[in-house]
Structures are given as structure tokens and as C-alpha cells.
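Taken in sequence, the protein lines are chains A and B.
The first sequence maps to residues 1 to 153 in our numbering.
The second sequence maps to residues 1001 to 1153 in our numbering.
Source of the hints: derived by calculation from the structure; they are not laboratory data.
Keep in mind it's a predicted model, so treat the numbers as computed, not measured.
Glycine residues also receive a C-beta, built at the ideal position from the N, C-alpha and C atoms.
If a hint is listed, it holds; no wrong ones were tucked in.
Part of the chain A face toward chain B, derived, beta carbon under 10 Å:
id: 1; residue: R25
id: 2; residue: F31
id: 3; residue: E35
id: 4; residue: E44
id: 5; residue: A45
id: 6; residue: K49
id: 7; residue: N51
id: 8; residue: I69
id: 9; residue: V72
id: 10; residue: V129
There are 2 protein chains.
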Amino acid sequence: MGNAINENLIQGVGLKKLSQINDERGALLHFITNESPEYSGFGEAYISKTNSGIIKGWKLHKIMSQNFIVPVGEMEFVLFDDRENSNTKGKINKFVLNNNTNYFLLTIPPKIWYSFKCVSVNEGLIFNVASIKHDPTEIETLPINNSFIPFVW
Amino acid sequence: MGNAINENLIQGVGLKKLSQINDERGALLHFITNESPEYSGFGEAYISKTNSGIIKGWKLHKIMSQNFIVPVGEMEFVLFDDRENSNTKGKINKFVLNNNTNYFLLTIPPKIWYSFKCVSVNEGLIFNVASIKHDPTEIETLPINNSFIPFVW
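So here's chain A without its partners, still in its complex pose (with noise of 0.2 Å):
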């Protein structure tokens, strides 16, 4: 990603070309280790699935922060900035990630809101390695089409 793009994201999120090595036998994607700058402690892996045309969200962490990768399928992901103290409040962020033109580590910091949509033929599953268990606790939802958040879905 050029830094055009990055200067277009929102406080504090990430997005990362992952290399994958390939061979004739298959591949090696790399994701995320404890030396990477995105990495903010374990607090549990978990893939999430989603059929094809479904959107997820609007979700909220209040506490967790997020790295997510596309493996599978192609999904988009919708982000938005409601944060008191951002420099990027009121900002929304697109990606599409998926595992071949678009193979990215998505960082989602606690506090910003995001939905997703599987915009792939075949389902999309998203591996996420979150810095904290989940905890229901720390969660708030919006439905998918709010007046509150300024994207239509």
C-alpha cells in the first residue's frame, strides 16, 4: 500500500500487504507474530464465516483490538470513526481484502465501529487474532442501516 492510502485511514487502523510464499506443494501466508507492530497482546484466535452477499455488523469493541486476514473468499469491510478524541472522527474507511491481489493484515483498534460483506461467489472466512477473549461485555451493535452511522449498505 502506498502512503496515499495510508493517510486516508482512520486513527490507528492498520493495513498491510502479507507476503505468501508459494511453491508447487502449496503456500506459506504469513499473518500476524509477537514482534509485529499490529500485535497487542493474545487473547484468542477464531474464524468467522460468512455466506456469500450476507453483511455483518455494525459492531463495536470497547476494549479489543482486532488483526484480521481473508484467506478465503473476498469480503469488504466498512469502518467509521465516532471517536470524541480521533483526528479522523466522522471518517469512514472501505477495504476489500481477500487472499491473492488483496492479501492484507486488517487492524481494527477498539472503538471504531465496522460490518463486513462477503462479496465473494463462494463464502469468505476471516481469521482474527484479537488481544483480549471474547467478552459480550465489551461488545455494542447497531443494525446494518442506522441513522446514526452515514454509510448505506
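Place chain B on chain A using the hints.
This is chain B only, laid out in the frame that chain A set:
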């Protein structure tokens, strides 16, 4: 998995059925948290993709503990215990993992030889949460067919 199977495990190896929460929009596939008994620290998460019919191994990590799931395709794993002080020295374990009937967490402690084959028609993915970052100096390898490990692929 019943006790009968767990009693046959190589000492320190883990095999645990994981849960999935399915609905009409997709699914949530559990993997591992920082409170899981299998968890022994976070060094790196990555994905290994193996093409159909391909066998990889043998490999042994002197330090790294590994936690594997197979969210795509089907993989057969063979493990061999050559540890001097192990109660199960000389033992071979075989496991088949996939994302439905055999959605298991396979935990491989250090000093266990392992190899695997993609036995699905399409590629198989292994999602690994490893206790240390990749370090080639702590890895030993052997050819897939050798006179040391009593298993013929």
C-alpha cells in the same frame, strides 16, 4: 473424542473437539484462547496451504508448541515420539482433521516428529497458533521416507 482415543495419544499431544456456532448467515468457528489449556504463549499465527495429494514433513521443533486446526479441506497428520524420557517413546499417532466431522484442535508439543498429507480433492489449509515466532535454528527435518521413523506414507 472419547477417553479410549485420548489414552492412545502420545504424551503431551492434544486432540480436542472444537465447537462451531452455525446460522443461516455463516458460522463462528472456535479455535483457541489465552485461557485454553492447550495455550502456551503466542509467537506467531500463520497458514500453511497444501495442495491435494501432497505430503509434507518430517519436521520437528525443538522449542515451538503448535496448535493446528483445518478450516478448509482435509488433512491427515502422522506424529512420532522419539523423546528419551517419554512414556510413549516409539509411538505413532494418526489424525484426520477437517472443518466438519473432525473439527479438532491438534496440539503438538516440541520434540515430536510430524508430517501431513492433504487428503481432500481440493487444497487443505492448516491454521497454526504457535508458541514462538518462526526460527529455522530450532527446526529439524528428515526425508518423508527414511529408515528412522517407523511409518511409510
